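Trainee: Protein sequence lines, in the order shown, are assigned to chains A and B. Per the UniProt record's numbering, the very first residue in the first sequence carries number 1; after that it's consecutive. Per the UniProt record's numbering, the very first residue in the second sequence carries number 1; after that it's consecutive.
Just so you know, the hints here were simulated from the structure itself, not pulled from any lab data. Remember, it's a predicted structure, so these values are computed and weren't measured experimentally. Treat the hints with caution; some may be incorrect.
Intra- or inter-copy, both count: the list cannot distinguish identical chains.
[Stated by the list, open to error] The calculated DSS-like cross-link candidates involving lysine-lysine, where the alpha carbons are at most 30 Å apart (straight line), are: (1) Lys470 x Lys273; (2) Lys357 x Lys335; (3) Lys466 x Lys73; (4) Lys447 x Lys93.
Number of protein chains: 2
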Amino acid sequence: MIRSFAADGLKRFASIRCFSSTPDFTKNNYNVQRGGYQSLEEDHIKYFQTLLGENRLVMDLSDLEQYNVDWFKHYRGNSKLVLKPKTTEEVSKILSYCNKNKLAVCPQGGNTGVVGGQVPVFDEIIISMALMNQIESVDEHLGVLVCQSGCILENLDNELEKKGFMMPLDLGAKGSCHIGGNVSTNAGGLRLLRYGNMHGNVLGLEAVKANGEIIDLMSSLKKDNTGFHLKHLFIGSEGTLGVVTKVAIQCAVRPKSINLAFLGLQSFPKVLKTFMQAKQDLGEILSAMEVMDSATMDFVKDKLKVESPIGEYPFYLVIETSGSNDEHDADKLHKFLETTLIKHFALNGTVATEPSKVKEMWQIRERIPDSFVKDDYVFLYDVTLPIPDYFTLVDDVRDHLGSKGKVFGFGHLGDGNLHIQVAVDKYTHEIKDFIEDYMYSRVVELKGSISAEHGIGFAKIKYLEKIKDKNALIFMRQMKRLMDPNGILNPYKLIFEQH
Amino acid sequence: MIRSFAADGLKRFASIRCFSSTPDFTKNNYNVQRGGYQSLEEDHIKYFQTLLGENRLVMDLSDLEQYNVDWFKHYRGNSKLVLKPKTTEEVSKILSYCNKNKLAVCPQGGNTGVVGGQVPVFDEIIISMALMNQIESVDEHLGVLVCQSGCILENLDNELEKKGFMMPLDLGAKGSCHIGGNVSTNAGGLRLLRYGNMHGNVLGLEAVKANGEIIDLMSSLKKDNTGFHLKHLFIGSEGTLGVVTKVAIQCAVRPKSINLAFLGLQSFPKVLKTFMQAKQDLGEILSAMEVMDSATMDFVKDKLKVESPIGEYPFYLVIETSGSNDEHDADKLHKFLETTLIKHFALNGTVATEPSKVKEMWQIRERIPDSFVKDDYVFLYDVTLPIPDYFTLVDDVRDHLGSKGKVFGFGHLGDGNLHIQVAVDKYTHEIKDFIEDYMYSRVVELKGSISAEHGIGFAKIKYLEKIKDKNALIFMRQMKRLMDPNGILNPYKLIFEQH
Chain A
1 MIRSFAADGL KRFASIRCFS STPDFTKNNY NVQRGGYQSL EEDHIKYFQT
51 LLGENRLVMD LSDLEQYNVD WFKHYRGNSK LVLKPKTTEE VSKILSYCNK
101 NKLAVCPQGG NTGVVGGQVP VFDEIIISMA LMNQIESVDE HLGVLVCQSG
151 CILENLDNEL EKKGFMMPLD LGAKGSCHIG GNVSTNAGGL RLLRYGNMHG
201 NVLGLEAVKA NGEIIDLMSS LKKDNTGFHL KHLFIGSEGT LGVVTKVAIQ
251 CAVRPKSINL AFLGLQSFPK VLKTFMQAKQ DLGEILSAME VMDSATMDFV
301 KDKLKVESPI GEYPFYLVIE TSGSNDEHDA DKLHKFLETT LIKHFALNGT
351 VATEPSKVKE MWQIRERIPD SFVKDDYVFL YDVTLPIPDY FTLVDDVRDH
401 LGSKGKVFGF GHLGDGNLHI QVAVDKYTHE IKDFIEDYMY SRVVELKGSI
451 SAEHGIGFAK IKYLEKIKDK NALIFMRQMK RLMDPNGILN PYKLIFEQH
Chain B
1 MIRSFAADGL KRFASIRCFS STPDFTKNNY NVQRGGYQSL EEDHIKYFQT
51 LLGENRLVMD LSDLEQYNVD WFKHYRGNSK LVLKPKTTEE VSKILSYCNK
101 NKLAVCPQGG NTGVVGGQVP VFDEIIISMA LMNQIESVDE HLGVLVCQSG
151 CILENLDNEL EKKGFMMPLD LGAKGSCHIG GNVSTNAGGL RLLRYGNMHG
201 NVLGLEAVKA NGEIIDLMSS LKKDNTGFHL KHLFIGSEGT LGVVTKVAIQ
251 CAVRPKSINL AFLGLQSFPK VLKTFMQAKQ DLGEILSAME VMDSATMDFV
301 KDKLKVESPI GEYPFYLVIE TSGSNDEHDA DKLHKFLETT LIKHFALNGT
351 VATEPSKVKE MWQIRERIPD SFVKDDYVFL YDVTLPIPDY FTLVDDVRDH
401 LGSKGKVFGF GHLGDGNLHI QVAVDKYTHE IKDFIEDYMY SRVVELKGSI
451 SAEHGIGFAK IKYLEKIKDK NALIFMRQMK RLMDPNGILN PYKLIFEQH
């Protein structure tokens with residue numbers, strides 16, 4: 001009865017959150033200068049054809065489009081070649097050759113990233129990991145999965161289900177995203193609250209450096225303290241330090257019971273009190289803690305005719321539990337709800353324990369993004385804030401925008417991860433800068449993070465310099481130079497120096 | 001009613017597991033050549049006196065002893081100077097000066113490591129972090145602790161208890177070890193099974209590089225994907241890449257209920273079946289899964305007159321649960337025990353739910369190390385093995401040794417972490433090599449790790465080259481040269497090149 005839900009409904013956005021069905025080239029839309037890389041020549045293509053065979057090169061212009069344009073259709077690269085290796089050795093040979101010939105590359109997983117990290121900016125050669133999709137093993141004792149990095153998250157989860165385990169992360173894009181992309185972006189999602197991030201769950205990995213060197217950091221053991229823990233350099237560095245080819249993941253025991261509470265609350269301070277009560281009462285079975293404001297709920301109601309199951313309130317909480325015992329979990333959840341009502345933390349609440357009812361209530365949270373389909377243009381933001389200031393940012397952005405746009409606040413409260421949606425009549429560079437320059441500086445003032453789970457990619461690169469410690473930035477640049485001296489790996493993203 | 005137990009009773013070993021009360025200098029005992037560092041001169045001392053004041057330098061020979069000799073009294077350095085900074089800026093000035101003057105340093109936390117990583121080998125200046133013991137904040141919403149790295153683990157845990165949280169790790173040495181040492185060695189312990197390792201729990205840190213540069217990687221947010229995740233370079237690198245000065249730790253909600261099951265089993269395959277059953281039935285409340293063999297229990301019984309609560313069996317399991325609801329937890333544990341008996345996985349078992357009874361039963365596991373006090377010399381090993389081969393190593397080492405020693409197997413089965421104790425009549429270098437050369441190569445054959453949680457330090461440095469992937473080793477050396485070009489940080493440990 002385990003259900004999977006689309007974290008933020010990313011899939012549904014695909015066709016609508018766009019400049020047009022085919023965006024203009026990123027290089028034209030933004031002020032970017034091409035690095036001093038070689039351009040693709042006939043000899044290069046011949047080398048790759050000999051290495052991979054003709055079928056594993058994509059060069060047809062219409063076929064290239066799906067690799068050049070990101071899921072949200074915000075960015076469009078101009079690559080003339082996609083390579084589809086099947087083995088680590090092939091990745092190694094590709095990179096070794098590109099490094100020698102100073103050809104820039106863009107590693108690509110399921111192309112579901114939302115900050116443009118996975119699509120080229122100019123004519124970088126795309127290395128698609130789609131054919132590196134073999135599962136090597138699932139350890140039945142500790143739930144350790146070993147697989148190639150091109151495996152699709154949902155496929156892995158289905159495979160694990162057979163042995164009573166599940167992936168420790170769940171994303172809206174699970175049907176398309178690759179585990180290698182999840183690792184390379186340190187993907188978050190709903191389960192992070194319970195199961196932690198990729199740094200805790202990746203036991204080992206294999207990666208290929210820019211020069212083609214294969215580095216075997218493939219421990220699949222839970223405890224292994226032998227030398228520097230270098231695998232973490234590849235987790236969250238968005239393909240700029242190496243290409244992840246294989247991973248070992250610590251998976252979780254699959255829960256037998258999932259329940260849901262839906263609560264209406266008067267104010268954000270009351271939301272916080274309820275949050276604390278849930279941590280105490282639900283403890284080890286707490287698996288999601290989502291919040292939304294009335295603006296969001298009203299919008300959902302208006303556009304999708306979805307009703308709140310408990311009437312109208314300034315704030316709503318969706319709290320999920322996952323455990324090994326139906327009865328115990330339901331008992332805990334009922335007691336928690338009773339307490340929050342008696343203490344006047346919540347004004348109203350309901351609990352769903354039946355799978356169909358659980359699913360129905362989750363829909364309200366899940367369909368938030370759907371409701372924005374009807375609007376003209378919607379910006380999606382992903383930030384972390386200290387819990388007390390979680391909604392301060394929403395209020396502040398609302399004040400800043402005034403009548404220029406509508407602001408909706410919701411997100412993974414349990415991790416301090418806020419998603420702000422801003423709906424405007426029409427996309428312009430000016431309105432984008434007007435929102436972002438203010439929002440990101442306010443996030444910094446509030447001691448938050450300008451990227452909670454989506455990464456920096458191409459979208460936030462100009463803000464990175466402003467928020468990072470000077471020595472940390474120097475250190476990042478040193479690392480990049482050490483690991484990729486020619487700068488061929490995913491240029492123009494995260495941190496970039498002209499070559 | 002939360003109890004803390006000494007993971008492997010390290011404290012009790014302190015005075016007995018030794019060559020003598022004062023071991024010979026490491027430089028004499030082992031074949032080590034001093035690096036080309038400067039020796040301490042009057043001018044250097046004057047600089048440090050001006051920086052720290054005279055009281056925060058230790059130079060008296062008898063006072064120096066406790067810093068030069070490790071807890072187990074296996075290693076003895078010859079440092080003439082201990083420095084005790086109170087601030088990050090002081091650490092920065094110390095390192096900057098030492099780097100310019102090519103003076104080697106040995107960072108030291110609570111001096112509780114068991115592989116000699118924390119004591120000097122020659123005359124390295126010891127930087128004691130003991131006075132950097134300030135707690136900065138405890139976030140009451142998410143349980144994030146921010147503190148200086150010289151805070152003692154137990155003190156932090158006591159402070160967290162006031163707000164309903166606890167440290168995500170527990171070690172025998174908790175009364176002495178520093179959180180900075182825990183982070184620098186990626187310390188494990190009993191709670192790892194439930195709460196994960198330091199890579200998952202350290203949200204941010206501040207470190208000082210060899211050249212004195214302070215790097216602020218101090219996010220205290222649960223989700224922060226902004227740039228390379230460089231903090232992990234300092235986690236588990238044993239002070240060879242930088243000195244950790246401040247940390248932000250994700251802490252756990254303190255459980256309200258702790259229960260214990262003690263089981264007797266026929267064979268290791270039955271231990272494995274029980275292990276799997278526990279994962280299913282106890283799920284989210286499972287917090288420890290310890291195993292011991294009959295040799296260990298017999299020895300405990302013989303030496304300490306401690307009785308098994310359930311009679312004699314070839315194997316024993318100690319299974320702990322921690323949760324938020326007494327009744328639910330006891331119910332789960334009883335049902336689990338019933339199932340294991342009905343299915344004939346376990347031959348006998350008992351459950352303790354009363355705190356005093358829980359404590360009494362834990363004593364049997366806890367006092368294993370005590371029992372070895374009566375023996376002449378005992379080697380303690382710490383390895384990880386794939387679960388099916390967990391006890392294969394114990395049998396193999398027993399065969400290899402024959403009448404040369406007695407072998408006892410026990411450990412943290414839930415993480416695949418085995419501790420083997422080998423008792424011999426008398427310590428000699430020959431018997432040490434005879435055991436270790438065999439054991440570590442067998443661990444590699446079985447695809448295990450030669451260090452589960454203790455690290456490499458000085459003790460295992462000669463084995464690191466044999467087990468690591470060639471490119472991973474090259475990468476480690478590149479990293480060391482990048483971050484500490486003069487090699488002043490904790491030389492002769494983990495990975496070392498002559499300077």
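Trainee: Hints first: check each against the structure and report whether it holds.
Mentor: Each hint tested on the structure:
Taking the shortest alpha-carbon separations for lysine 470 and lysine 273, neither the intra-copy value of 38 Å nor the inter-copy value of 53 Å comes in at or below 30 Å. Taking identical chains as interchangeable, the C-alpha atoms of lysine 357 and lysine 335 lie at most 30 Å apart whether they share a chain (19 Å) or sit on different chains (29 Å). Taking identical chains as interchangeable, the C-alpha atoms of lysine 466 and lysine 73 lie at most 30 Å apart only when both belong to the same chain, with a minimum of 27 Å there against 49 Å between chains. Proximity of lysine 447 to lysine 93 under the C-alpha cut-off of 30 Å is restricted to the inter-copy arrangement: shortest distance 28 Å between copies versus 44 Å within a copy.
Violated hint for the displayed structure: number 1, the only one.
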